Amino acid sequence: MPLHKTEAIVIRTIKLGEADKIVTLFTNELGKVRAVAKGVRRTKSRFGSALEPFTHINTGIFIKGSSSLYRMRDTGIIHSYHKIREDINKIAYGLYLLELVDRFLLEGDVNKGVFAFLKDALDFLSEREEVKEIFILFGLHFLRLSGYQYKFDRCISCGDDPLIAFFSPYKGGLICNGCIRGEQRGMFPINKAVALYLNSVKNIDGMIIEPANTDIVNEAAEIIKGIFTEIIGRPLLTQEFINEIKG
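Counting in my numbering, the sequence shown runs from 2 upward without gaps.
I should point out that these hints are in silico values taken from the structure, not numbers from a laboratory.
Any given hint might turn out to be false.
[To be verified] Only pairs whose alpha carbons sit at most 25 Å apart, straight line, appear in this in silico DSS-like list of lysine-lysine: (1) Lys226 with Lys247; (2) Lys6 with Lys39; (3) Lys133 with Lys113; (4) Lys152 with Lys84; (5) Lys39 with Lys65; (6) Lys203 with Lys120.
[What the hints assert, rightly or not] Label-pair distances were calculated between CB atoms; the ranges are: (7) Gln185 with Ala117: 32 to 40 Å; (8) Gln185 with Asn59: 45 to 53 Å; (9) Asp161 with Ile15: 46 to 54 Å.
Keep in mind the model is a prediction, meaning the values are calculated, not measured.
Beta carbons: idealized from backbone N, C-alpha and C, even for Gly.
Throw the hints in and build the complete structure from the sequences for me.
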């Protein structure tokens, strides 16, 4: 296979042997791929700090022989996002975004919309302080780009505009008290203000921060985490890190 030049965001790495690493990359041209970085753990590695999580890079990758793994070479940093690494809260939510991409996308799945939006989200996370608002915005748009559509403006069963409701990831939106039937497992209580906020953010085109008071933002963030937990079947590993920070 010829050498592919592509932009990529480093998702995670694992050690391989004494000096190498397997790097999971989300690339613009080839989707999610795994690639071997030879000698990256040596003191004078040509990769330097280019393979830290979050890092936005230009890289050349190719498959050598019968291996299913790519090989990396000619890697340069476009954006290190060092400001994310200087804030524990930004680290936690940034890693959550990376884990979402890793869990939802199969190897070789190309999604240029998700790639562009992840890059924009990391830009905002690096430069802005509205960490949870950025997380909510990315989460809702990531769901849409992954084929999930949720309704936050009215009951999905009767079409009513309820004051008190539940949110059901499985059913895809709000359920009013009058339509609750039987098993409520997986449903989250949600108040009107939070539903309105999520509906407003869902309809934003691009990376625009929607302001709201702290209580609304906190509850909205928990709803987004609950949606991903319900889809995947368990909380993301990064959720434990976020819980530890909350103390």
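Hint-by-hint comparison with the structure:
Between Lys226 and Lys247 the alpha-carbon distance is near 15 Å, which keeps this suggested pair within the 25 Å criterion. Our distance criterion of 25 Å between C-alpha atoms is met by Lys6 and Lys39, whose separation comes to about 18 Å. For a cut-off of 25 Å, the pair hint linking Lys133 to Lys113 stands: about 24 Å separates their Cα positions. Distance hint between Lys152 and Lys84 is unfulfilled; the C-alpha atoms sit about 35 Å from each other, more than 25 Å.
Restraint check: the Cα-Cα separation between Lys39 and Lys65 comes to about 13 Å, which is no more than 25 Å; the hinted pair holds. For the given pair, Lys203 sits about 18 Å from Lys120 by alpha-carbon distance, which is consistent with the 25 Å threshold. In this structure the hint that Gln185 and Ala117 lie 32 to 40 Å apart at CB holds, the actual value being about 38 Å. Against the hinted window of 45 to 53 Å, the Cβ-Cβ separation of Gln185 and Asn59 comes to about 49 Å, which satisfies the hint.
Distance hint for Asp161 and Ile15: a CB-CB separation of about 50 Å, consistent with the stated range 46 to 54 Å.
In this structure, only the earlier hint numbered 4 is contradicted, and the remaining ones agree with it.
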